[in-house]
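J.: In order, the protein sequence lines correspond to chains A and B. For the first sequence, position 79 (counting from the first letter as 1) is numbered 79 according to the working numbering, and the numbering increases by one without interruption. For the second sequence, position 230 (counting from the first letter as 1) is numbered 230 according to the working numbering, and the numbering increases by one without interruption.
Source of the hints: derived by calculation from the structure; they are not laboratory data. Note that CB positions come from ideal geometry on N, CA and C, so glycine has one too. Heads up, some of the hints might be wrong.
Said to hold, decoys possible - Straight-line Cα separation of at most 20 Å, SDA-like style, residue types lysine to any residue; simulated pairs:
hint	chain 1	residue 1	chain 2	residue 2
1	B	K264	B	W277
2	B	K17	A	D65
3	B	K17	A	W56
Claimed, not checked - Pair ranges (Cβ atoms, derived):
hint	chain 1	residue 1	chain 2	residue 2	range
4	B	R294	A	Y12	52 to 62 Å
5	A	L53	B	T248	21 to 31 Å
6	A	D26	B	P8	55 to 65 Å
What follows is each chain in one-letter form.
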Amino acid sequence: MQKPSINHSFQYPGSIGEMPSGPCADAGVLVEANAGWRVFRPVLDAAKCVKCLKCWLICPDGAIDRSGKDYAIDYAFCKGCGICAYECPTKSIRMEKEGDDVE
Amino acid sequence: MVNVRDLPERELLYGHKACPGCAAGTVARLILKVTGERTFLAYPASCLSTVTSIYPQMAFAVPSFTAPFAATGAVLSGMAAAVKAKKMQDVTVLGIAGDGGTADIGLQAVSGAVERGDRILYVCYDNEAYMNTGIQRSSLTPYGAATTTSPAGKAGGAIGEKKFKKNLFEIMVAHRIPYCATASVANIADLLGKVAKAKDTDGPSFLHIHAPCPTGWGFAAERTMEIARLAVESGLWFLAEYQDGRVTLNYRPKEFIPVREYLKTQKRFRHLGPAEWNVIEEQRDREWAVISGRWEPAGREKA
Ligand SMILES: Cc1ncc(C[n+]2csc(CCOP(=O)(O)OP(=O)(O)O)c2C)c(N)n1
Ligand code: SF4
Ligand code: SF4
Ligand code: SF4
Ligand SMILES: [Mg+2]
Numbered sequence: 001m002q003k004p005s006i007n008h009s010f011q012y013p014g015s016i017g018e019m020p021s022g023p024c025a026d027a028g029v030l031v032e033a034n035a036g037w038r039v040f041r042p043v044l045d046a047a048k049c050v051k052c053l054k055c056w057l058i059c060p061d062g063a064i065d066r067s068g069k070d071y072a073i074d075y076a077f078c079k080g081c082g083i084c085a086y087e088c089p090t091k092s093i094r095m096e097k098e099g100d101d102v103e
Numbered sequence: 001m002v003n004v005r006d007l008p009e010r011e012l013l014y015g016h017k018a019c020p021g022c023a024a025g026t027v028a029r030l031i032l033k034v035t036g037e038r039t040f041l042a043y044p045a046s047c048l049s050t051v052t053s054i055y056p057q058m059a060f061a062v063p064s065f066t067a068p069f070a071a072t073g074a075v076l077s078g079m080a081a082a083v084k085a086k087k088m089q090d091v092t093v094l095g096i097a098g099d100g101g102t103a104d105i106g107l108q109a110v111s112g113a114v115e116r117g118d119r120i121l122y123v124c125y126d127n128e129a130y131m132n133t134g135i136q137r138s139s140l141t142p143y144g145a146a147t148t149t150s151p152a153g154k155a156g157g158a159i160g161e162k163k164f165k166k167n168l169f170e171i172m173v174a175h176r177i178p179y180c181a182t183a184s185v186a187n188i189a190d191l192l193g194k195v196a197k198a199k200d201t202d203g204p205s206f207l208h209i210h211a212p213c214p215t216g217w218g219f220a221a222e223r224t225m226e227i228a229r230l231a232v233e234s235g236l237w238f239l240a241e242y243q244d245g246r247v248t249l250n251y252r253p254k255e256f257i258p259v260r261e262y263l264k265t266q267k268r269f270r271h272l273g274p275a276e277w278n279v280i281e282e283q284r285d286r287e288w289a290v291i292s293g294r295w296e297p298a299g300r301e302k303a
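Could you put together the complete structure from these sequences and hints?
T.: Shown next, in the form of structure tokens:
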């Protein structure tokens with residue numbers, strides 16, 4: 001999946017002197033995931049999925065990954081809104097309570 | 001028409017902090033899939049700016065500029081002038097702004113940019129209030145919606161917003177803009193096709209996109225697309241486009257579903273009853289009579 005990766009080595013400025021100056025900053029910079037927002041987690045059943053692309057199109061976070069053989073969900077950035085599960089025409093995505101089963 | 005299978009895999013908006021289920025997230029990422037990497041983006045103060053550029057994160061992967069709240073149109077004009085001066089080819093100068101930033105405070109700036117004829121693509125994602133600052137009403141807030149500045153109250157009998165939603169599309173049509181359209185996340189194919197047309201327009205183009213907001217409207221995040229569909233099916237949102245001097249209604253439900261089926265899905269309308277539903281239905285019918293009369297000359301009516 002083509003997307004910016006998290007820069008785990010980012011150091012926050014330690015003092016005002018280390019703050020970047022000027023109006024410009026790099027684009028496509030991520031330093032943390034959004035995974036902690038989820039209460040429910042979408043689980044995609046690849047055997048049922050017909051790859052219609054609907055979930056990929058409508059996900060507000062772009063967290064459906066269509067690059068592999070099967071579609072997959074980027075759990076680092078999925079917020080668990082449930083839109084994909086609600087809209088999937090083949091009911092291939094179900095929402096599971098986070099923490100119920102630890103993979 | 002855009003073939004969705006041809007859309008690039010690359011996400012040019014990723015890792016943003018919008019609420020779960022935010023339609024504005026879907027709108028912005030899909031637009032960027034069509035306009036592509038060679039996009040210069042400007043957005044004013046809004047949910048979109050707040051959720052994408054929280055230091056040190058920058059969720060847009062294209063060059064972008066945070067415009068003063070009122071100035072998106074003017075900033076786009078400046079960007080278009082720079083693109084011209086640098087003789088850059090195949091670049092989209094894109095603005096994405098909220099309903100407040102477009103129909104209220106930013107209206108003169110976008111009007112000026114359109115009137116100047118600059119090659120820009122301006123998108124208004126319409127979540128029907130000033131969401132970023134805590135749900136204040138705008139001129140695109142619909143009748144009956146409770147916001148923090150148009151509260152509903154049992155004691156005083158306040159019904160929420162007392163005025164009807166302004167027709168922003170017709171304001172743009174009145175500019176005789178080369179291309180403008182309304183769209184909704186309820187119909188992604190229609191939306192993508194309109195973005196592609198707007199991108200290819202040699203001059204200004206404008207899209208007004210209905211973007212349900214779970215937080216401000218009060219509904220469960222999973223229902224965003226369904227709420228958008230109900231708005232279209234109840235006739236409270238219309239899909240239309242204007243090009244070559246002619247408006248086309250892209251979709252006309254065979255029969256409108258009752259407005260209450262849309263209104264009852266959201267907390268902001270929950271205080272309304274049959275009397276207000278009637279007012280809303282009558283206004284809807286008046287509005288459709290006006291737009292059909294204006295846009296669908298006899299003969300084209302029964303398409
Ligand atoms: C001149 C000015 N006035 C007020 C504000 C505060 N402000 C920031 S965002 C915002 C609301 C934006 O509403 P809208 O354009 O509808 O976008 P949304 O947040 O709903 O996405 C306001 C009032 C500001 N940034 N600048
Ligand atoms: S919406 Fe359902 S069937 Fe379509 S691609 Fe997604 S998971 Fe597969
Ligand atoms: S639950 Fe929401 S954020 Fe997660 S993949 Fe589905 S649509 Fe995207
Ligand atoms: S308040 Fe509404 S528009 Fe703003 S980020 Fe949340 S869901 Fe999106
Ligand atoms: Mg708004």
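J.: Assuming the hint says 52 to 62 Å, is it satisfied by the Cβ distance from B:R294 to A:Y12 or not?
T.: Holds, at about 56 Å.
J.: Does the beta carbon distance between A:L53 and B:T248 stay inside 21 to 31 Å, or does it fall outside?
T.: Given about 26 Å between the Cβ atoms, the range holds.
J.: Is the hinted pair B:K264 and B:W277 satisfied, with a Cα-Cα distance of at most 20 Å?
T.: Cα-Cα ~10 Å, so holds.
J.: Within 20 Å, alpha carbon to alpha carbon, are B:K17 and A:W56?
T.: Holds. B:K17 to A:W56 sits at ~18 Å (cutoff 20 Å).
J.: Has the given pair, B:K17 with A:D65, been kept, meaning a C-alpha gap of at most 20 Å?
T.: holds, 19 Å
J.: Do the Cβ positions of A:D26 and B:P8 conform to the proposed distance bound of 55 to 65 Å?
T.: Cβ of A:D26 to Cβ of B:P8: about 21 Å, so the range 55 to 65 Å is violated.
Figure legend: structure checked against the earlier numbered hints; the only hint not met is number 6.
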